[in-house]
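Hints given; two lone chains; assemble the complex.
Quick mapping for you: the protein sequence lines, in order, are chains C and P. Under the working numbering, the first residue of the first sequence is numbered 1, with each subsequent residue one higher. Under the working numbering, the first residue of the second sequence is numbered 1001, with each subsequent residue one higher.
These are calculated hints, taken from the structure and not from any lab test. This list has only true hints and no planted wrong ones.
Just a few of them, taken from the derived set where beta-carbon distance is under 8 Å, the chain C residues facing chain P:
#, residue
1, Arg51
2, Gly55
3, Tyr57
4, Leu58
5, Gly72
6, Leu74
7, Gly75
8, Tyr84
9, Leu92
10, Trp94
11, Gln99
12, Tyr103
13, Thr106
14, Tyr107
15, Leu146
16, Ala147
Ideal Cβ placement from N, Cα and C applies to all residues, glycine included.
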Amino acid sequence: MNDTNPIVQIHGLSKWFGGTDALRDVNLDIHSGSIIGLLGANGAGKSTLLRHIIGLYLPNKGTCVTFGCEAGKLGPAQLGRIGYVHQEGELLEWMKVGQLIRYVSTYYPNWNHQLEEKYVADYEISMEARVGSLSPGQRQRLAILLAIGFEPELLILDEPASTLDPVARGQFLDLLLQIIQNENRTIIISSHILSDVEKIIDHVVIMEAGRILRDCSFDELKEEFHCVRLSTLSGDLPVNLPFENVIQQQRSNGQAVITVRNTTPEQIEQTAEDLNCQVEIQTLPLEEIYKIIVS
Amino acid sequence: MGNLTANLKHLYLHRSFWGIYAMLGWLVLVSAAGILDKDSMAGQGEFIGLVIIPSMMGFFTTLQQVDVLSKPFSYCLPGHRKVPRNVIFFLATVTNLLGSVLFIAYPDLHRGQQVLVFCSAFFGGVLLFWGGVVFAFNVGSAARYIGIALLSLVCLGGQYIDLHRIMERIIVGHPFAVILPSVLGSLAAWRLLGDPNRARRHCGVPIWPAIDAWNRKKVRGYSQARAEAVNKKFKGHPSPCVEEFFLARMNRCSYGGRVRHIWGGLYTTFGMALSQWKACLLGLFVALSVVLFFSYISPGATTVFFCFAGAAMAVHMGLPVYGSTPAPQGRCERFAAAIVVAAIIALLTVVAMAIVSVLSITLEPFMPLVRLQGSTYTFYPANIRHVFFPLIIVPIVLTFGFCFHRRPLSARSSTILLLAMPVLIAMPWLMAIVAITRPIFLVAILAVSWLIFVVVLRYVCMKRSLVGQSRTY
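Next comes chain P alone, as it looks inside the complex (with noise of 0.2 Å):
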């Protein structure tokens, strides 16, 4: 078995791939289905979606070819330095290629012109892979913040731009200014991933663990090695007033009572946010801008949004439950803490949604209409009666989460999906629980969620193990 075959195997023994395979798949039936399901149309867009997809190849392969540059043990094998570098570019062709095959089913084409455009088409594709290659490497620094929110710009935005189409026509209509940038741009890729420096630098060095989010070592190994850089973003945080705050309020309680060991689970829980609450106000400063930005989209984009950003919370933050932390805490007490936190993440959400949706009703009257591409869009401003929602999905997701105790990052990317998916599909059940609004039908939602929510609760605190993963944010 050769060096190649080898490294090859990888995409299909680490399990964490098989996720992003399940979804890639999807895409792919998705964008075939499209075309070969009726007459397509040129210049449409709708062959664009198998050149899209290599760009994630490249992320995600290129990762794992870092993670494995990243162990010491890679760098002394023989005849591992081009490695790398072969696979990256095994794979750029191989998914290029397979990508590029729909546009032969390009109407309108003769036998020459379809060639071309499927070289141009798999041009194309390969850039968008070492885009993602790009991307990959610089996953670990603050760039890919940047590489994330353009990705959501392009993903959200590109379809009032028809991006799609733009992209295609320029496939079909403009081959050479594909071809030539993609050719240079693979001899730079070939240059660069073949640097003999590359394994010296990235030997020991861990990588975000964007592929083993499950890998608490990783996580934990990661954040040690960022350790530096993590002081320094945290100077003085938590402040000594923070501190003073809640550890004044525990001694005023007694030391056998519930209520120390409540005030303890709020100071573990907040105590980091508190002392940054200029982030914290910049980060509502941010929601308002974003549900203005999506207020024009949708009538319940304030709703859906904080609905998403109350989940988040919810799951980041999580609940004094689990973990070993030394303080002498019995299941009663975890359970109580636990409650308080929990209703206090939804108020939290729920006065932030308050807040903007004010904003938002105020500003109103002064958002102009905007007109793009012959369609008119009207500000829709935030109901705010939907206030409470946060205080439905929050118990909800906090009980979701009971699933994932051992693996936070992810019950992270699993609570999202879990909301995201009604939007992937047209948001039918959550638009038709905002749809709700007679108090009564609220009121036994959010009953019925929050005893669902203590009853598993009390069933984890009392019965379950109560080893696992502690919050390391």
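So that you can see chain C by itself, here it is in the shape it has in the complex (with noise of 0.2 Å):
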């Protein structure tokens, strides 16, 4: 990770849309070279999150630079950085496929078109289907070609693989891997699929009702959580196990399977060997953390 000024810095932002707090001072800094994944559910505030750093939306309090850049004053040469996968995916329906490739293409001096032709025949996009008429795997496919077709600094995938059937998604998944070689690569990925997710982030942003509940690298979050098996070597397991700050735990047939936090695998072991049991001990998917964060 660079460890340079951030691309993008966000401190006390809040937005709210008429009685409903969007987002609550939330304070984000966003180095040049890291895989963010952006998680939280529906409604948390991730979109609006992401809008504020391409300046879609504007702050009612605090501010968001990008690239040096006030959100309300981003021009063409911070957004030209920028590439951006709409949620939404709104594209312009009246034109084929090709047209709005081409269209795009005009804005962008550095546009990759080797790179399009491949992306094209990889997804097998057709470029005289009329955009109005693709499939919503098919608009996300184009959006996502729209968007990394000139290799963009800051890659923002709003939702990006949610429309997308299996084999793309991996084919997506490889895409990214691929993009993520290149260090000075920015890449904030907010999606639901966090099995997918998981695999290329090396940074977490949680967010619940507006704020935002963990920021930190991956790394620090899956060292803070184990899931830790038990089998006793002799007799049966006591009643209450000695493991501090335990989050969750399940017993049957001499077994127990408990989920700490904060606890260091060493710390485990010793508890582990204090108790005459057999222990494995295994990190959580980030599926599972994310759950826990957000009870």
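The following block contains the structure:
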């Protein structure tokens, strides 16, 4: 990760729509080269936050600065470095696919036509089809192409895979893995398919009701939670297991599965040894961690 | 709660109907007040109002039932097959019972005749109700344009042939000629609405979102369902030469400059229309025909028509302000593009109006006097000095349109209503503006309307959220 100035700086950002607080005092810095998973339930404020980054929304309070420019003043120079896949995937319905690609590519001096051709072939996009007649999955693929065709420095993906079938999702992930080979590229991905997201991210931001609950590296988050599988070597397990920071516990037939927080593997092993138990320590999948944090 | 009651509840739960109820309520008041307020004379068409209204009820309630049928979950609802028929027949009965009540007060009728005339009015209304039902079932097809044209012709031209008097006289004078076809029609409707395959035919088929124009997903779903038909209709459009024209001009401009985005905005606004220039010429010809027709009615007809046309074009095309089409447009770029597009919409309307006005003036010596029902109608040529009025109306309409940026179909209907209100109440303010011909006043009004538009546009572009309904035409 690049330790120079963040490319996106959000300080004290609040946004409301009528009587609804969409974002409340959000602080977030996004550094170049990071791959951020923005997680949250429906209505948590993820899309609202992302739209501030590209200037579609203006803050009611606080600031949002992208590439050194405030949200309201973003111009082609800054926006030309950002690729954005919109959650609702609104495109120009009346154009053909090929026409839309040519129209969008006209705005970018560094549009990669080879990447475009490869993508069109891999995803079997019909250039003659009208955009309005595409299925939701095809529209999403097209929206992704339009966002990555000019190899942006900052790629914002708002639910990019929600309408893709499993094969297309796999292809999309491979594509992202290729993109992140470039260390200068920053990706923010907001998705409900956490099993996909956790394969590529290195930083996690979890939101709930307009606030950020967690903002940390993915490694840090994984090390915070452990799933401990205990099997007694002799006799029954004690009624009260002497682990600290237990979040949940299940027992059956001389075995226990415990989820603990802020306990190192060494501490867990020591406690298991004291109990004369066999222990297996696993990291939790992101989906389980997310459920624990928001519950 | 029975099935019928549960479905009748839609009539007040469905908020889109509230506006329709307000309109119908107003019509009912006007119709009833016209009779109750004074001694009504027989055969003057004053009693026919409430008999016509059920046709609109038939249309909207059938649309609502078809909307329910189109939802897959309703296909599986036990006992739902007969519900649309029961609801429609219930409403046909109730609305026409109420609508024919006025005929009890019809003058110069003894008791027996009153009952017969009441029945005749009831069945006459039912017949019109079925007209609305048939229209609703065919609203998804091109037949709706024929229906709308016919309806417009009847509404606008009916007064010139005293259609309301004719209808009243038929109901009163020839009751069996009304009752018999209505009964036969009702029997046919009972049979057709009870067709067990109807639910299968409508299941999963999106309907024309006439009553839910605010619902973006519904509008998009309907458009997608018709995508194949649209694809065929617009095959080859926008044409490659139009695309080349705009992209070449964009490519001549610097990447960071606003002019590139202005050309982009012009392409996305006018690209499709330019590609279909033959259709535009046909539209101009139709405009000329309509104007020639209305020029017999009023001297300001051409001006009013083109004010409507300019307003409609402005609302339909919209400005390249909202939407999330992937192009690196900053707020300043959207502002610049929107101003240019607005100016071109206004200028195009002015040019079209100028062409039609010149043709109207040229044809004036050849246009005959029309004599109808004892009245003589003279042809009023267009006033060429009014050709700049669309330049005043278009920015006003565009400013108004910012209130509805999330609901473009509501914007269209609201704008047309806004302009239609003066027509409905004898055009006092619009004619007042039309009567102004001194250049200094015209220039002042023009400047003020554009100034307000530019100020509001700048505020929206610089300070407001830019997430909204992108243009889907």
